[in-house]
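Novice: Residue-level listing of the chains:
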Amino acid sequence: MELFRIKRDIPFMSYGRLTTAISLITFILAVFFLATRGLNYSVEFTGGTVLEVQYQQSADLNLIRDTVDSLKLGEATVQSLGSSSDVMIRLPNKPGTTSAQLSEKVMGLLKAKDGTVQLRKVDFVGPSVGEELVSHGLTAAILVCLGIMAYLALRFEWRFAVSAIIANMHDVVIILGCFAFFRWEFSLTVLAGVLAVLGYSVNESVVVFDRIRENFRKPGLRGKSTASIIDNAITATMSRTIITHFSTEMMVVSMLVFGGPALHGFAMALTIGIVFGIYSSVLVASPIALWLGVSREHMIKPTKPKEEAVV
Amino acid sequence: MNRYPLWKYLVIAVALIIATIYTLPNFYGETPAVQVSSTRQSIPVDTALMGRVEEALKAQNISPDGLYLDGSSLKIRFKDADTQIKARDAIQRALGDSYIIALNLLPASPQWLADLKAYPMFLGLDLRGGVHFLLQVDMQAAIDKTMERYAGDIRRELKNKQVRYGTIKRNGNVLEVQLRDADTLKAAQNVVSRTLPTLVLNSDDANYKLTATLKPEEVTKIQSDAVKQNISTLHNRVNELGTSEPIIQQAGPNRIVVELPGIQDTARAKDIIGRTATLEVRMVEDDQGKVSDALAGNIPAGYDLLDEATSRGDSKILVKKDVELTGDNINDAQAGFDENGAPAVHINLDSTGASIFRQVTAENIGKRMAMILVEKGRAEVVTAPVIRSEIGGGRVQISGSMNPAEANDTALLLRAGSLAAPMNIIEERTVGPSLGKENIEKGFHSTLWGFAAIAVFMVIYYGVFGVFSAISLAVNVFLLLAILSILQATLTLPGIAAIALALGMAIDANVLINERIREELRNGVPPHSAIQAGYGHAWATILDSNVTTLIAGLALLIFGTGPVRGFAVVHCIGILTSMFSAVLVSRGLVNLWYGRRRKLTSLAIGQVWKPEK
Numbered sequence: 001m002e003l004f005r006i007k008r009d010i011p012f013m014s015y016g017r018l019t020t021a022i023s024l025i026t027f028i029l030a031v032f033f034l035a036t037r038g039l040n041y042s043v044e045f046t047g048g049t050v051l052e053v054q055y056q057q058s059a060d061l062n063l064i065r066d067t068v069d070s071l072k073l074g075e076a077t078v079q080s081l082g083s084s085s086d087v088m089i090r091l092p093n094k095p096g097t098t099s100a101q102l103s104e105k106v107m108g109l110l111k112a113k114d115g116t117v118q119l120r121k122v123d124f125v126g127p128s129v130g131e132e133l134v135s136h137g138l139t140a141a142i143l144v145c146l147g148i149m150a151y152l153a154l155r156f157e158w159r160f161a162v163s164a165i166i167a168n169m170h171d172v173v174i175i176l177g178c179f180a181f182f183r184w185e186f187s188l189t190v191l192a193g194v195l196a197v198l199g200y201s202v203n204e205s206v207v208v209f210d211r212i213r214e215n216f217r218k219p220g221l222r223g224k225s226t227a228s229i230i231d232n233a234i235t236a237t238m239s240r241t242i243i244t245h246f247s248t249e250m251m252v253v254s255m256l257v258f259g260g261p262a263l264h265g266f267a268m269a270l271t272i273g274i275v276f277g278i279y280s281s282v283l284v285a286s287p288i289a290l291w292l293g294v295s296r297e298h299m300i301k302p303t304k305p306k307e308e309a310v311v
Numbered sequence: 001m002n003r004y005p006l007w008k009y010l011v012i013a014v015a016l017i018i019a020t021i022y023t024l025p026n027f028y029g030e031t032p033a034v035q036v037s038s039t040r041q042s043i044p045v046d047t048a049l050m051g052r053v054e055e056a057l058k059a060q061n062i063s064p065d066g067l068y069l070d071g072s073s074l075k076i077r078f079k080d081a082d083t084q085i086k087a088r089d090a091i092q093r094a095l096g097d098s099y100i101i102a103l104n105l106l107p108a109s110p111q112w113l114a115d116l117k118a119y120p121m122f123l124g125l126d127l128r129g130g131v132h133f134l135l136q137v138d139m140q141a142a143i144d145k146t147m148e149r150y151a152g153d154i155r156r157e158l159k160n161k162q163v164r165y166g167t168i169k170r171n172g173n174v175l176e177v178q179l180r181d182a183d184t185l186k187a188a189q190n191v192v193s194r195t196l197p198t199l200v201l202n203s204d205d206a207n208y209k210l211t212a213t214l215k216p217e218e219v220t221k222i223q224s225d226a227v228k229q230n231i232s233t234l235h236n237r238v239n240e241l242g243t244s245e246p247i248i249q250q251a252g253p254n255r256i257v258v259e260l261p262g263i264q265d266t267a268r269a270k271d272i273i274g275r276t277a278t279l280e281v282r283m284v285e286d287d288q289g290k291v292s293d294a295l296a297g298n299i300p301a302g303y304d305l306l307d308e309a310t311s312r313g314d315s316k317i318l319v320k321k322d323v324e325l326t327g328d329n330i331n332d333a334q335a336g337f338d339e340n341g342a343p344a345v346h347i348n349l350d351s352t353g354a355s356i357f358r359q360v361t362a363e364n365i366g367k368r369m370a371m372i373l374v375e376k377g378r379a380e381v382v383t384a385p386v387i388r389s390e391i392g393g394g395r396v397q398i399s400g401s402m403n404p405a406e407a408n409d410t411a412l413l414l415r416a417g418s419l420a421a422p423m424n425i426i427e428e429r430t431v432g433p434s435l436g437k438e439n440i441e442k443g444f445h446s447t448l449w450g451f452a453a454i455a456v457f458m459v460i461y462y463g464v465f466g467v468f469s470a471i472s473l474a475v476n477v478f479l480l481l482a483i484l485s486i487l488q489a490t491l492t493l494p495g496i497a498a499i500a501l502a503l504g505m506a507i508d509a510n511v512l513i514n515e516r517i518r519e520e521l522r523n524g525v526p527p528h529s530a531i532q533a534g535y536g537h538a539w540a541t542i543l544d545s546n547v548t549t550l551i552a553g554l555a556l557l558i559f560g561t562g563p564v565r566g567f568a569v570v571h572c573i574g575i576l577t578s579m580f581s582a583v584l585v586s587r588g589l590v591n592l593w594y595g596r597r598r599k600l601t602s603l604a605i606g607q608v609w610k611p612e613k
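The listed protein sequences derive, respectively, from chains A and B.
The numbering used here puts the first residue of the first sequence at 1, with every later residue one more than the last.
The numbering used here puts the first residue of the second sequence at 1, with every later residue one more than the last.
Treat the hints loosely; a few may be bogus.
[Claimed, not checked] Straight-line alpha carbon distances no greater than 25 Å define the calculated BS3-like cross-link-like pairs of lysine-lysine that follow: (1) A:K111 / B:K437; (2) B:K270 / B:K290; (3) A:K105 / B:K75; (4) B:K367 / B:K321; (5) B:K161 / B:K86; (6) A:K111 / B:K270; (7) B:K270 / A:K72; (8) B:K186 / B:K215; (9) B:K320 / B:K270; (10) B:K75 / B:K86; (11) B:K215 / B:K228; (12) B:K75 / B:K145.
These aren't lab readings, by the way, just hints derived from the structure by calculation.
With the hints as constraints, model all of the structure from the sequences given.
Specialist: In C-alpha cells, the structure reads:
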C-alpha cells in the first residue's frame, strides 16, 4: 500500500504568503485568548485544595455546591469529573485558615448528606509553591529553546535554527491558546506535554532541513532555485511526515480515550501539538528559512567534504 | 551483504535476555504480607522473634506462605488480604507495642528473580494510593531560637567574668549589648569573642554598644541541622504509623518530603507528623514508702508515676512534677563509651542548661534524675541515671545499666525527640487505593491499545518490514521497563504516559528507515543495496531528531518537580532505548531474514509505487 502518490513537487513555497497569513492569524488569536481569557491554572500553580469524591450513584452537583458554600471557604468550584458519580471540588487558599484540616471538614459535611460518598484524592498546595512552579516551567521552556537552537545552529545553520524555533513556539502558543479558549485545566502534566511537543515537533523541521541540505548538494538540482529545492525536499519527506505523525497520534488518541481524567489534559496538549507540528514544520519553518535568505552557499562548506547521510 | 557479525547478534540477544529477566517481576504482581520491625536497636528482629511469630500464627491456625528475615525487619507472606489482617491482629497481640507491625505488599516473583536482584518497579503514590506531604521548615524560627540561646549565653558569660552590662536586646538576627563605658565594652568584647567564637562582633565605640551577628556559615549550619533534626524526628514519628516503606527526604534547602504509601487515615498522619515532643529532666523519687504507695494506685501529690521502657521489660518509676530542665537546652547527644569502656550517652548542654545542671546535680548527689520524653501528653522515661558528682561545663555523660544499642536509642531520642523548628504543610496529596488501581489500568490500557493500533497499521502498510518494526517496538517496551526496574525508579501515571509517548515517537525511526528503503527501491536500486542505503541514510536523521527530543527531556528532568520529573525520567530513557531497538534490533531482524538470500529480487515492504515516466 502506498498512500502518497505525488508525481510532481508541490509548490509549497509559492503558498508562503497564504500559509504565513494563516499562521499569523491563528497565532494572534491564540495570544488574544491567552491575554483575555487566560489559562485555567490547576491547583498546583494557584495553590488551594482539590478534592475528588465518588458517589455510588449520580451526584447532585447543586447540593454539593450548597454544602461546600455553607462552609464559607471562598469561591469554590464544583464540577463533575468524567462520569456523573465523580465530582471534583476545588477550594482556594485562604490566609489564616489551615488548609490541613479543610478536606476533613468538607468530607464530614458531605458524608452527613450522603453516606456513600468516598474520598478519592486530595491535593493541597500552598501559595508559595505555585510561583516557584511557574518560574521553573518558564526556565525549562527557555532552556529547551536555547538548547535546540544551539544544536540546530551547530548541525545546520543559524537560519534553520531560528526558523525551527519560531515554528515551534508558534505550536506551543497555539496549544496554550486552545487551553485558554476552552478553559481546559492547565496542570503540571500538561506543561510536561507542552514541553515534550517542543522537543518532538522540532523533529519535523530537522527531517525537512536534512533533506534541503541534501538537495543543495545534489548535482542534479544545481540549477534550481532555493524555493524549488525546498519544495522538492518537503514533497519527498511528505509521506514519512504524515505516517509518523499518524502513528504518534494514534498512541496519543488512545491515551485520550482510555487514559481517564488524569491523562486527559496531557493527551489533549499532545493531540493539538502533533497536528500543528505537521503544519508548522512544513509550512512555517521552511518559508521563514527561505525568507531569512538561506542558500546553497550556507549549506555547502568546502572544509567539510564528507557527505552527510540524510533521508 | 546484509549480515551482522556474530557479536552484534550476541549483543542484541544478551540485551533481550536481560530485558526479559528484569521486566518479569513486574508481571507477577504482589501478595499481601505483614512486616514486623523494631523502633529501637535494643529490641532486635531475629530468629527468636521469627519463632515467636510462627507460634502466634500457629495458635490462631493461620498458615503463612513464607517468613523472611530481611535486614532489620521480618516479612510474612499470606495468601489473601483476609488472612493478612487476621495475622496482623494475632501478631500484634503476641508481640505487644515494642514492635511496628505494618501491612505490606511483597512482590510475588519467584526467588530466583530476587536472587538476580530483579525486583518490580516501585509504584508512585498515584498508582498505589497513599499520602504525600511537602513540609517547609520555618528557618527564621530556628535562627530565632539560636539567637535567644546566644543572648542567654552572653548574659551568663558577662556575669561570670563580672563585666557590667546594661541590656541585651535581640533585634532580628542581631544581638545588641549595651555597656557603660569604653573599658567594659573592650572587656565584654574580649569575653564574648573568646567564649562564643561563632559570633561576629562589632563595637560601636561612641555609644558603647556591642553588636553580635551569626557567621554566615553558622547560619547555614543551623539551617541544615534544623532540617536534619526534623527529618530524624519525622522518621521516629512515622514509624509509629506502621507504614511500610515510608519516604522521608530533604527536598531543597528547607523542605522535607514525606510519602506514606498505603496510609488512608490522613488526619492521623497529619496529627502525628505535626505534633511537638519535648524532653524534660525531672528528679526521681526512690523513697520506698512513696513508691509502693504509688504502685498501689495512690500517687502522692506533686509526683507522677511514669513508664520506663528498657530491654529488660517495662517498669514504673516515680518522678517529681517539677521540671528542672527541658530539651531546648540540649545542643547535641551522641552515643559513645565512658572511661571504663561501658556504653554511654554524651550530652552537650548550652550554657543556660549547663548552669542549671550544675546546680541540680550539686544539690542531688546520690539521687536519680529522669530524662522524660513527653509526646501528645504521654510521658515516658528514656533513662534514669544516678548522679555521682556535681557536673559542670555542660558536658553530661549518662552511663551504666545500658548496652550500646540502648545508648544509641537514648541519644537518638534526646536528639530527635523534638523538632528543631516548626514546620508547615505546604503541599498535600492523598490518593485512594481504588483510584490508584484505576490509574494503573487506564495507563496500561491506553498504552496497549495505542501499541496495537500502531503495530496493525505498520504491518498493513509495510508488510514484513512492518512486522520487524512492530517487534522492535515491543523490544523497546521491554528494554524501557527493564531499565526502569533495574534503576528501581518510581513509576507514576505521568511515567506511564511517557512510556506510551516513547512508543508513539519511537516508531518515527522505523518509518524513516522504511520510507527511505522504499525510495531507494523506487529509484531502481537492488534490494540489498536499498536496505543498506535506507538504514545508512536514515541514521543521521534519527540521531538529529532524537538529540533535539532529548534536549527537551533533559530540561524537564532538571527543572521538573513531582509529576513532571516522573515523566521526564521515563521520557529520556525511552529515547535512548528507542534508538537501540529501532536501529539495531530491526536491522538485526532484517539481516536475519534477508541476509542469507543472495539472489534477492524484491522486498516485502508493501507496495512501492513508481510514478509513470
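Novice: Now look at each hint and say whether the structure bears it out.
Specialist: Hints, one by one, checked against the model:
Among the hinted pairs, A:K111 with B:K437 is consistent with the structure: their alpha-carbon atoms are about 23 Å apart, no more than 25 Å. Note on B:K270 and B:K290: the hinted pairing is violated, with a Cα-Cα distance of about 40 Å set against a maximum of 25 Å. Pair hint A:K105 plus B:K75 does not hold up; C-alpha atoms about 37 Å apart against a cutoff of 25 Å. Between B:K367 and B:K321 the alpha-carbon distance is near 16 Å, which keeps this suggested pair within the 25 Å criterion.
The hinted pair formed by B:K161 and B:K86 fails the criterion: a straight-line CA distance of about 67 Å is larger than 25 Å. For the proposed pair A:K111 and B:K270, the alpha carbon gap of about 21 Å is at most 25 Å, so the pair holds. Distance hint between B:K270 and A:K72 is fulfilled; the C-alpha atoms sit about 23 Å from each other, no more than 25 Å. For a cut-off of 25 Å, the pair hint linking B:K186 to B:K215 stands: about 21 Å separates their Cα positions.
With a C-alpha separation of about 32 Å, the suggested pairing of B:K320 with B:K270 is violated against the 25 Å cut-off. Only pairs whose Cα atoms come within 25 Å are accepted, and B:K75 paired with B:K86 is accepted, the gap being roughly 15 Å. Distance restraint check for B:K215 and B:K228: the Cα-Cα separation of roughly 20 Å lies within the 25 Å cut-off, and the hinted pair is therefore satisfied. A hinted pair counts as satisfied when its Cα atoms are at most 25 Å apart, and B:K75 with B:K145 does not qualify at roughly 43 Å.
Hint check: violations occur at hints 2, 3, 5, 9 and 12; the rest are consistent with the structure.
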